[in-house]
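Given chain A, work out where chains B and C should sit, using these hints.
One-letter residues, chain by chain:
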Amino acid sequence: MLETPNAARRVSAFADAVSPAGIRPLPGAARFALRLREADATGEAAGFRLDQPLNTFAAQGDRLSLRLGPNEWLLIGPEADADAIAAEIAAALGTRFHTLVDIGHRNVAIEVKGPHAADILNAGCPLDLFDARFPTGTATRTLLGKAEIVLMRLDDAPTYRVECWRSFATYVHDFLTEAAQEFDAGT
Amino acid sequence: MAGVNRLPRGGRIDRAKPVSISFNGQTLSGYAGDTVASLLLANGIHLVGRSFKYHRPRGILSHGSDEPNALLSIDRGPGKIDPNNRATVAEARGGLVTASQNHWPSLNFDVGAINDRLSPIFVAGFYYKTFMWPRRFWDRVYEPNIRAAAGLGKSPDGPDADRYGNRHAHCDVLVVGAGPAGLAAALAASEGGKRIILADEQAEFGGSLLHDVTSTVDGTAAQDWAAQAIAMLKARENVTLLTRTTAFGYYNHNHVAMAERITDHLENAPDHLPRERLWQVRAGAVILATGSHERPLVFADNDRPGIMLAESIRAFVNRYAVAPGRRIVIATSGASAYRAAADAHAAGLAVTVVDIRLEADCGPEVAFVRQKGIDVLTSHTVIAATGRKRVTGLIVAPLGSEGRVGARRTLAADCVGMSGGWTPSVHLFSQSRGKLRFDDAIDAFVPGQSVQAERSAGAARGSYDLADCIADGFAAGDPLTARPRLAATPSLTGFQPVRILPTDADATRVRAFVDFQNDVTAKDIGLAVREGFESVEHVKRYTTTGMATDQGKTSNMNALGLMAGIQGKALPAVGTTTFRPPYTPVTFGTLVGPAKNALFDPARITPIHGWAKEHGAEFENVGLWKRAWYFPQGRETMHEAVARECKAVREGVGIFDASTLGKIEVVGPDAAEFMNRIYINAWTKLKPGACRYGLMLKEDGFIMDDGVVARLAEDRFHVTTTTGGAARVLQHMEDYLQTEWPDLRVFLTSITEQYAVIALQGPKAREVIAPLVSDIDLSGEAFPHMTVRTGFICGVPTRLFRVSFTGELGFEINVPSDHGRAVWEAIYERGRAFGITPYGTETMHVLRAERGFIIVGQETDGTVTPDDVGLGGMIAKAKPDFVGKRSLARPDIVAAGRKQLIGLVTDDPSLVLDEGAQIIDDRHRPVPIKALGHVTSSYWSAACGRSIALALVAGGRERMGETLYVTTPDSFAAARVTAPVFFDEKGARVHA
Amino acid sequence: MLLIPCPYCGERPELEFRCGGEAHIARAADPSAVDDGAWSEFLFSRGNPKGLYAERWNHAHGCQRWFNAIRDTASDRFVESYKMGEKRPLPGGE
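Chains as they are written, first to last, in my numbering: chain A, 21 to 207; chain B, 6 to 997; chain C, 7 to 100.
None of these hints come from the bench; they were simulated from the model. Quantities reported herein were computed from a predicted structural model and do not represent experimental measurements. Be aware that a few hints might be false.
Label pairs and their computed distance ranges (CB to CB) [what the hints assert, rightly or not]:
1. A:ALA177 with B:ARG733: 35 to 41 Å
2. A:ARG153 with B:THR486: 23 to 29 Å
3. B:LYS884 with C:MET7: 42 to 48 Å
4. A:ARG29 with B:MET643: 28 to 34 Å
5. C:LYS56 with B:ARG409: 51 to 57 Å
Backbone N, C-alpha and C define an ideal beta-carbon position, used for all residues, glycine too.
Isolated chain A (complex conformation) (with noise of 0.2 Å):
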């Protein structure tokens, strides 16, 4: 192989995004779209969770495992792990008919986080995020004005994780950001 030094660098989608307070790019991560038929979603595989109920997630660790659909988990993890956790779901689910496909490039994430997180991000999805309604713990696939995206919530900070696809990482971030424009100034 050509010794090219710069062949295993990256480029993030946000390498120019420029972020206000509360709103932040996060770097890369181990991810992969678990399917699995309905009736065999018990327990948990390699510390991602399978049994949550949809629309929410469960964290183990550094492994958050979200489920979107009914047959559909988006597995979160440390990017170092991604050969690991492959291995391991694997071996846990055997047999069980599953599919794992790497989309760890496919999206991108931003945190969005502090006392408007929820007003910022009701400037474009048109979801309850009331904290009754949309409480830490819920993750569902949902829109950001003309983006699809999967929001998360973290915690009571609030903290808010918004996951796009790579594409449109710019869109969802200046949209963030233009959102957040009013409440910048004032607190």
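Only chains B and C this time, still in chain A's reference frame:
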């Protein structure tokens, strides 16, 4: 003191905060808390505009959002000018530059006022009757002139410099309107901790109480009661209070759109705030406490500046401490105007009341004002107003028995307050699809059957007494808890409906306005009915009554009543016109919100976009994607750049960003079976490591999408789709998988954006990547055309396809997206020694056309079958079924004469045909000539040294060698039919 | 904007959904056995009633499941939604 007509005491204005605005170049002062209207009146200005059609002088009719006349252009700085602001709504603040509209050369002297003299011509339906003939005059003469002369204000001509926000919000109860009923409803609804939003269009909550200085509620002044209620609501965390917020649209499932005006009232608006915000509220329940509108009286010249609604006089006096006149005549057919008379009198203004009603029909209100020394003439009609740019008096006359009009006398006046009764504001209720009911007792349509989780309260449902409104608000806010009724000063209510005041004047000469903004008179409505317009919707459109920016809030009931009277019907039999959103005008900015400029649509960019930009690429939009179109060097034209790029690929090596191609990973033990059912091809025998060009149909048998599919393992396929078809194909597959074949053990995942795809094409492609690739044998024997291998490139894992859409030896290198740019750069660096040339979509299109490869959406249009484009041979006939198979046997599909894909070479090799151009077989036939088909693709081919084209032509494959004619912008071009391939007919080069 | 009851996620805003037209139009197990007339009915003929109408919906920007729902086309009220493969509820069985 700010303004000659400012009263020395009272009002809710802040006398410690003077403000000054500009009106038609004149600087005028007022106070914080003024509207532009109250500030103008305080300065003695009544003439504020010219009317739409007759250019009659107009003043201020109302004190709120129902204002039809006082429309101003407001300039808040560069890019921040807009027309048709209601002076009664716009808040006065320093730096505001306002101007009247609809006049030339000036408000005071308007040439267009000649229309008023010509009014006998400008009757209802004038445009339709007058400009019919000669017909060709319409486009060139009539319409441009009418458009120049008509219209309200001037639209801004630059981009809007303001920002606008959007907010999706949810609540248990949305209360619209914060008058006494709305405040009571919000108080009651919020007690149990439910989430409440209370929105009101005004700058302050309180509604009618803001100009009520005499009533008491529960033993305290009504305004103090309101202040306490607001304070209580503010203290509740579960309540969101929105002032300056108009609920303008009531949609399905309690979805209410509201416009919040955030900065227009601020002299130095901070940059971080949006000007306005669209609220999209989803409410569990909606309470409509939207109040009511006062009706004008219809009499001759009732539109003279200085003539306004009686309640508006009360508002200007009490809320803004402005004397709209010093000598006021109140003309009324009901009781409420007596309160206005009393309040004006209390402010030291001379007041006379003229009441159309018989003394015996009046209530205690007459004695109430007479006690104060106010003259009341009952049983009197108003014949006409005098004055032109300002009312100078009212000509009144006693009404004898049987409606006989007695001797006229003129009452001097510099301001007239008129009241023809009240109309509940049922606009939002009606938008919610609720059914209206006519209530004879109050001569008005009121909310009947609700259709959504909604309830009207207070004056909006015809309850006009203050104590009733508050009690109704409590009941609406919390129907389950009985609350004690709060005592309040009894309101003066009740009126006698009167559509047009009796007169002894010549009816044909009377100009009595029903709709002020659109200049519709009582005579116009009569004419429309006489001409046979029966339906209220038709009369509305013919006369334009109720059609302007105020949507007839003040005029509708008078118009309906007049129609009913002329048609001899009861009013409910006439019905109402449909109430449509918006309730009041909404700026385009608010509707657009943040979705402008870079946020108008997501601009999807690939991981390699930045490199392409830095290297001078021109981009084209493909769906939401930005794709590099071509890479001009120096002063190259597009044609030159594309010719150079094509040559580089054919002779050396080109590099192309194919990342936007849709990619779907199809995984599971039944993956091959699933592919068999979705595609026309056979997949069972495709070996892992091999690729196949796949074609899929919709159920109707027409081509839906295509792309190369790689079998990575027995149970894993890497499917590619067209760029534009990616989402559609995945939906199509999911639909069949979930609804038709749920038993198949297969799952689908979009991996479009997991991989950056670098296409390296040309005879030198292998040499370029050879040293970068590890774990893959690149030799032709080990890695032939249409196969896939996994390994590494530049140390990054890759799915390496040996495929070609150019007809040359080629690879498509899939690497995880974040590595795309670095791998691209490494290949580019390595390729420089070989003359590597970046190319764009245009070159890709030319190269594939030279080889006759179709592009779905270009050679196909949703009515094209595989056989039509010469791909019938791909159909796996042995398969019992696949999506679209049955339709390929439909009679229309198997019929002879279908359009088929062919090549066209023009007699003139330098002529490049237009894509979409029509094709005929004989240019000398008499027109109309039936077209045989059309050109689907057409390019200059550097490799062929001539132009080439693909076309769909009826019976095309039977026409090889024929000469056909193709339309050009000015004539026809002769072209010969060939096979749809122009270069490397045998396709040998890909195997190099 | 409608509020659509997804049988998996509950009520969610219309923005997240895609409508797939009339429900319960069965694709023949063996299309080759269907005659031309019946096949074109299957492809092209759809009801357009004023009143209750069974429709296919996809919660495209949510759980991505297809499901059926009965909507009153006159009022836009959703009477019921149910998973693919489940029987259409009887009229009036709400």
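Report task. Look at the Cβ atoms of LYS56 of chain C and ARG409 of chain B and judge whether their distance stays inside 51 to 57 Å. Result -> Between LYS56 of chain C and ARG409 of chain B, where Cβ atoms are some 54 Å apart, the hint holds.
Requested in this report: Could you tell me whether the CB distance from LYS884 of chain B to MET7 of chain C stays inside 42 to 48 Å?
Outcome: 43 Å, holds
Query raised in the report: When you take the CB atoms of ARG153 of chain A and THR486 of chain B, is the distance between them in 23 to 29 Å?
Result: About 25 Å separates the Cβ atoms of ARG153 of chain A and THR486 of chain B, which means 23 to 29 Å holds.
Query raised in the report: Taking the CB of ALA177 of chain A and the CB of ARG733 of chain B, does the distance hold inside 35 to 41 Å?
Result: 39 Å, holds
Query raised in the report: Should the hint that ARG29 of chain A and MET643 of chain B are 28 to 34 Å apart at their CB atoms be regarded as holding?
Result: Since ARG29 of chain A and MET643 of chain B have Cβ atoms about 33 Å apart, the given range 28 to 34 Å holds.
The structure is consistent with each of the numbered hints, conforming to all of them.
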